[in-house]
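Following the hints, complete the assembly by docking chain B onto the known chain A.
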Amino acid sequence: MRKKFWIVLALTIVIPGFLFTASCAKKAVKEESMASQQAENEAAMKAKEAAEKAKQEEMAKQQAMEEENLKKEAMMKQEAMDAFVNEDIHFDFDSSTLTPEAQDILKKKAQWLLNNPDKSATIGGYCDERGTTEYNLALGERRAASAKAFLVDLGVPASRLTTISYGEERPVDPGHNEAAWAKNRRCHFVID
Amino acid sequence: MKNYWIKLFGLTLTLSILAAPRVYSAGYDYIDITNPFLKKIPIAVPFFKPISTDTATDQLSKKASDLLAETLAFTGYFEILNRKAFLIGPGSDAAVANVNFHNWTSIGAELLVTGAVLIENNMIEMELRLYDTFKEKLLVGKRYKGYIDDQRKIIRRFCDEAIYALTGRRGIFDTEIAFISTSSGVKQLYICDFDGYNPRRITHTNSITLMPAWSSDGKWIAYTSYARGKPDLYIKLLKEKRGTVISKTGLNITPAWQPNEFALAATLSFSGDPEIYLLTGAGKIIKRLTYNKGIDVSPAWSPDGKKIAFVSRRSGTPQIYIKDLGTGQVNRLTFQGNYNTQPSWSPRGDKLAYSGMENGLNNIFLIGIDGKGPIQLTNNEGDNEAPSWSPDGNLIVFSSTREGPSKIYVMTSYGTDQRKLLDMKGQQSEPEWSPRMTDR
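Chains as they are written, first to last, in the numbering used here: chain A, 1 to 192; chain B, 1001 to 1440.
Some clues are possibly wrong.
Said to hold, decoys possible - Below, a list of computed lysine-lysine pairs in the BS3-like style, where the Cα atoms sit at most 30 Å apart:
hint : chain 1 : residue 1 : chain 2 : residue 2
1    : B       : Lys1248   : A       : Lys119
2    : A       : Lys61     : A       : Lys71
3    : B       : Lys1239   : B       : Lys1145
4    : B       : Lys1420   : B       : Lys1219
5    : B       : Lys1063   : B       : Lys1137
6    : B       : Lys1063   : B       : Lys1040
7    : A       : Lys108    : B       : Lys1293
8    : A       : Lys183    : B       : Lys1137
9    : A       : Lys107    : B       : Lys1425
10   : B       : Lys1153   : B       : Lys1039
11   : A       : Lys183    : A       : Lys77
12   : A       : Lys53     : A       : Lys107
13   : B       : Lys1284   : B       : Lys1248
14   : B       : Lys1293   : A       : Lys183
As the list claims (entries may be wrong) - Per the computed footprint, the stretches of chain B lying under chain A, defined by three or more beta-carbons under 8 Å from a beta-carbon of chain A, are:
hint : stretch
15   : 1246-1259
16   : 1271-1277
17   : 1320-1332
18   : 1356-1368
Because the hints were derived from the structure by calculation, they are not lab data.
This one's a predicted model, so the numbers in the text were calculated from it and none came from an experiment.
Cβ coordinates follow ideal geometry from the N, Cα and C atoms, glycine included.
This is chain A alone, in the form it adopts within the complex:
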């Protein structure tokens, strides 16, 4: 009976005591590893954040660049369009023959029209004041027709080009001298 008592005692106090110490030691290890993991996590997070930030910065940079490029492109597009509209070709007196300068300008205009297949244009033919009204209307028409034929030769569909003659009716420079006349002997381009 007495023996039994000790056994019971040993079982109820000592073994759980062992158990306690064992479990106690185990817990400390566990805590230690958790701490290191946390630090690890924090570092990773930081790195991740940094990477994210860098990425974002990179992206923003890229976006800005892209935007700038787009802007540049738009500007270039606008410039090309402006040039198309603003750059007149000029002629000698009583002539509808295209000068080399006029041909260079027309080549740019043809390129623009080929780059913008949804656009159509009207070519206005103009003359200086020195001729007579009727003949100048015919001459203005010939000038516009010369420009149109050149553009068509470069591949622009004729259906996208209209001609209209204003003869001597709408001088861009109202002066009565050679400088004004030279400006007024022209073809002017308008996007429809």
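Only chain B this time, still in chain A's reference frame:
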């Protein structure tokens, strides 16, 4: 117009009853039409005698006599004698009945116009007489009755009779001149009387309007307008404001009515090249008249309708050519100068007026249809363009920048008596003389 004259005629008693045996009917030797402006005929037009005794009659008779003198002088045939040189006072009885011709021959008057004016119940009665002072003969005697406002018409009617008695040809006193003016800010079509009186606006758009052309009955007018954004040809019946628009691709310009037909020649460029076509008055193409790569423009009909003159660049510069529509043959007419445009065929058929450019300025020239000449009519007075003949062939109307802005001028077909036709705001150009309107 026609109805009006019938009414006026109904009220008119011609004085020929009174003077029938003495009316000089074959008086065509007064004015040598081969050169009527070499020697102007001195004519006396004393103030008309007021019959009714009130200030209105008094004023009107003075005004009417001035107007009659100006109207006759417009032809370029006459030298109007200064009234200060007259030997008898204004309103003297002797100026009307029992003319003492010596009073007039001694001051050099070869012709004399006398008049008497009566105003009664807002109606005016005018008795007008034209005398040959040397032959002591009554050439024309007429009495007219109408409303007071009709005095100008009465005077023009009498002048027409006077010119007919003196030349054997009808005058131009019922004609009109179409022209382009920028008075409204943009080129629009206007019409005024032959002497610049009563300019009125015909088109009412904000679009460039150019190149009016009269049909030979004076009822239709064709012109180019940008009203639809491009140069289209408008053919308009003046009285009823109806008509047609020719709106083919490209140019629809330079209309010229075929004499005595409801058809016109015009320049169209729908083929890609300005060419001249014959069209019906309704705008349908009858046939193509020119076949030449490059500019062909500005047709002008010969009075018999058998030929057209036109401008072509086929020789490298703008020159005037004549095409015989029967044979199809084309001959170059102008060889002098590098820029000859705007042909206008004389009503007698023997000459063309045109604009020739030298050193950047145009002048008016005449050339025989055989190429004889050319004779330069304007010189050193700005840019002179767009000649158009009066239907009697005696006068040419044109535009000139001699005073700065372009205005309309008239001269005789010999280049004499150049004067401004009318004073208007803005610039005036492209005058086009109408045919006689009697039959309109």
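task = Enumerate the violated hints, using their earlier numbering and listing them in ascending order.
result = Violated: hints 8, 9, 12 and 17.
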